[in-house]
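Dock chain B against the given chain A, drawing on the hints supplied.
Residue numbers (the working numbering), protein chains in the order written: chain A, 1 to 168; chain B, 1001 to 1168.
Take the hints with a grain of salt, since some may be wrong.
Unchecked claim - Pair ranges (Cβ atoms, derived): (1) A:Ala167 - B:Gly1039: 35 to 43 Å; (2) A:Ala18 - B:Trp1117: 17 to 25 Å; (3) A:Pro73 - B:Gly1039: 31 to 39 Å; (4) A:Thr22 - B:Ala1094: 23 to 31 Å; (5) B:Lys1156 - A:Thr22: 36 to 44 Å; (6) B:Ala1101 - A:Ala167: 40 to 48 Å; (7) B:Lys1156 - A:Lys30: 30 to 38 Å; (8) A:Pro73 - B:Ala1094: 24 to 32 Å; (9) B:Lys1156 - A:Asp97: 22 to 30 Å.
Everything labelled a hint here was simulated from the structure, so no lab data went into it. Since the structure is predicted, the reported quantities are computational estimates derived from the model, not experimental observations. Quick reminder that beta carbons are idealized off the backbone N, C-alpha and C, glycines included.
Protein chains: 2
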Amino acid sequence: MYFQTFSQMKKMLGQLNAWLETAASHAKAKSFDPNVYLGLRLAPDQLPFSRQVQIACDSAKLGASRLTGKEAPTHPDTEQTLEQLVARVRSVIAYLDGFTARDFEGAAERVITQPRWEGKVMSGADFLLEYAVPNFFFHTTHVYALLRHNGVSLGKADYLGTLSMRAP
Amino acid sequence: MYFQTFSQMKKMLGQLNAWLETAASHAKAKSFDPNVYLGLRLAPDQLPFSRQVQIACDSAKLGASRLTGKEAPTHPDTEQTLEQLVARVRSVIAYLDGFTARDFEGAAERVITQPRWEGKVMSGADFLLEYAVPNFFFHTTHVYALLRHNGVSLGKADYLGTLSMRAP
Chain A
1 MYFQTFSQMK
11 KMLGQLNAWL
21 ETAASHAKAK
31 SFDPNVYLGL
41 RLAPDQLPFS
51 RQVQIACDSA
61 KLGASRLTGK
71 EAPTHPDTEQ
81 TLEQLVARVR
91 SVIAYLDGFT
101 ARDFEGAAER
111 VITQPRWEGK
121 VMSGADFLLE
131 YAVPNFFFHT
141 THVYALLRHN
151 GVSLGKADYL
161 GTLSMRAP
Chain B
1001 MYFQTFSQMK
1011 KMLGQLNAWL
1021 ETAASHAKAK
1031 SFDPNVYLGL
1041 RLAPDQLPFS
1051 RQVQIACDSA
1061 KLGASRLTGK
1071 EAPTHPDTEQ
1081 TLEQLVARVR
1091 SVIAYLDGFT
1101 ARDFEGAAER
1111 VITQPRWEGK
1121 VMSGADFLLE
1131 YAVPNFFFHT
1141 THVYALLRHN
1151 GVSLGKADYL
1161 GTLSMRAP
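Same shape as in the complex, but just chain A (with noise of 0.2 Å):
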């Protein structure tokens, strides 16, 4: 299930993608520079826009790193415009479009660490489900409930995008 979590993941940035869209698509029809959005906070000591968009990329980008070995690319956290923000979460995509469900084998028994950590470990099964897992959606949903309380158009469908649904 952890190439199946990433798959999620991707999926999801394609959906923030899409919020970011329709946040500039708000920013012209009201005349306003779309790049205000990037300082955005629900509350003064809480990060802005910008790093939550940033969170939720390395969320997914370093969680799938870890778990299998394979080199991230790196992102300096430089973005100062919409676009770039757009072009970072895009970055991240084709990265996880390099994976397969191989790639992930013995990702539950691997030893995670992170410089933060001050030399602790966790298991991959932990970090997936504790960490990695909670601080995505942590931080896409900051994303979209900050455009939300700004006043783009946004609904739950806009969230989970299209699911894998059949007749029965």
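Quick look at chain B alone, frame taken from chain A:
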């Protein structure tokens, strides 16, 4: 991983209950009625706080029920106070406590439907990844975001909870 995913949801609902307790303390410190939270919205055409809590609960409860065939307790969405929302969350945590890994055997192949899908169905695997998990995190994160936006002091550690970290 089905059982582990719902164990993680149970953990997140425990975190959510702690946010509600922090919100109650904040209301007390500021001398306002804690039940004011229930009507808060991030946008006028978005569901209010009370519905975000209720749907977070239902995503976990009905997800587990549909993937196992185990009957779920009914909750008629009549909560009028913060205390009643806490009781609702506790009741879903207690329900999730009753599951074992064995209950989820064959979950991936189950045929899932619900009234609003008008007769269409999803496989259990697609239902979990495309619907239950994204919805669960969407609504839990909206609960968190609404509280943050309204001055309740929460941080990422309150969202993630304790992680299964260990020395290498």
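Evaluation of the provided hints:
| no. | hint | result |
| --- | --- | --- |
| 1 | A:Ala167 - B:Gly1039: 35 to 43 Å | holds (40 Å) |
| 2 | A:Ala18 - B:Trp1117: 17 to 25 Å | holds (22 Å) |
| 3 | A:Pro73 - B:Gly1039: 31 to 39 Å | violated (44 Å) |
| 4 | A:Thr22 - B:Ala1094: 23 to 31 Å | violated (40 Å) |
| 5 | B:Lys1156 - A:Thr22: 36 to 44 Å | violated (27 Å) |
| 6 | B:Ala1101 - A:Ala167: 40 to 48 Å | violated (32 Å) |
| 7 | B:Lys1156 - A:Lys30: 30 to 38 Å | holds (32 Å) |
| 8 | A:Pro73 - B:Ala1094: 24 to 32 Å | violated (45 Å) |
| 9 | B:Lys1156 - A:Asp97: 22 to 30 Å | holds (29 Å) |
Checked against the numbered hints given earlier, the structure breaks hints 3, 4, 5, 6, 8 and satisfies all the rest.
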